[in-house]
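*Asks:* Sequence:
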Amino acid sequence: MIEEHIEASAEAPTPTTSKLALDRFPFPWLETALIVAGLLANLILLHHEPGGDGWFRFTALSDLLLHGTMPQVKYSMVGPLFSIPFWYLSKIYQSHEWWISRYNVFVLGAGILAIYWLLKDRVNRGLLRKFFLLLVVASMFPYHLLYYYGEVFTAVFVAVGCVALVAGPALVGWGVIILGVVNTPATLLGLFLLDGMHILAKRRVRYALALLVAVALIMLESWIRRGSPFANGYADDHGVRTIMPYSAMPGFSNPFFFGLISLLFSFGKGIFFFAPGLLLPIRRTLRAVREKMLVDLFAIYLLWISFFIGVLLIYSSWWAWHGGWFWGPRFLLVASIPASFALAVRLQWHDRSLLVNVLTLLVLALSVWVGINGAVYGDKNLMSFCLANNAYLETPVCYYTPEFSVLWHPFVVYQPLGHKQLLYLLYSLFVGMYLLVPLANTTGRQAFAAAQSFVRALRSPQRSLTW
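Just add 943 to wherever you are in the sequence shown, counting from 1, and you've got the working numbering.
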């Protein structure tokens, strides 16, 4: 019977679009300003460094530009080659390291501009602004932008390419996607699933050529840099022996099942904690507004999801499925794209279901915390425990135990913040409240209507309370 009253409230005249949000916040320029402010805040207020694998990329790029030395690192140099102009900006301001460490902020900014340019006259611009705002503030991107790793380049290029595939120009879309995949060769399975999805949708087998081109370019880079198209640089790549039963084994030696459930549900690396927007239902909503759009947004979403699933599947068996000592599921950054988009859809068009709106509120709150946690707290405070004395506790303790996971450890151990971190925290909280208030208003009205319906039913002599 309780379910009946919830359903009854869902049928009440509640806002099914973002009209409430537009009435309350009628200034589109404010959302645009918040997006720009988020990128600038990350660029200026937060600490940046090449970090871990980023140092190898930075050193390889510097040796190439200074001495003409062929890069010997195992990582692709596609993304770093695009950062060459930033390397030379050090002649005008700051150092090579300063610019290279902030390169990914500009990559995301350029990706946002590209998606906006492709879709601005075809879809609701309010949806685009919410999508971009969530990417900048309430996703895994704020942390990834602090370093010179390759995941941002791949995620952004694939995201932009998928939009171009559907909205046009398709040839440019394929080229951008292929560059993103060549930058991270392990994502070939993601391209395979994305390609298959597009072939089924368009009934054109020729799109399989994109996969062949990507494979050819990956082999060409290996040939040029290592002397053989089959020398990928990971032949003897493995970790150290720890308490974990499959540690120190090379390649794709991790049992697929254990890797998959760890990447989905573990407290320190589970994607459902770090990109909860993946849990939101949006198919019905996008189908309902399809006639008002000049592009199939759900088709774009499916391409993003297909690529993410491929990346998830391939890394589930990789010996370093966790991405090493890195905040969150490092290799699954691309999941932030569809997750943020799904959340933006739910914020733009409020659902008629009370339960869906309550779920959206919870997802929004967690997403904002993910962004704050990565940008402000990170994983530095846990290093003294997880990596102390070469005990290698990061996998058994810090990836699986909630109290020692990066997301929840700040609630266990107090971590003082500097004034710049506090400014970023306040900015993020403001954005979170800005996005939350309209939906909370709608949800409150639905809950009140459901409560009224429930009370009337209790007072009705014709009906009795049942399970």
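Hints are computed from structural coordinates only; laboratory data are not their basis. Don't take every hint at face value.
Below, a list of computed lysine-lysine pairs in the DSSO-like style, where the Cα atoms sit at most 27 Å apart [said to hold, decoys possible]: (1) 1063 <-> 1235; (2) 1363 <-> 1323; (3) 1323 <-> 1017; (4) 1235 <-> 1145; (5) 1063 <-> 1145.
*Asks:* Run every hint past the structure and note whether it holds.
*Replies:* Do the hints match the structure? See the list:
| no. | hint | result |
| --- | --- | --- |
| 1 | 1063 <-> 1235 | holds, 13 Å |
| 2 | 1363 <-> 1323 | holds, 17 Å |
| 3 | 1323 <-> 1017 | holds, 26 Å |
| 4 | 1235 <-> 1145 | holds, 22 Å |
| 5 | 1063 <-> 1145 | holds, 24 Å |
In this structure, every one of the numbered hints holds.
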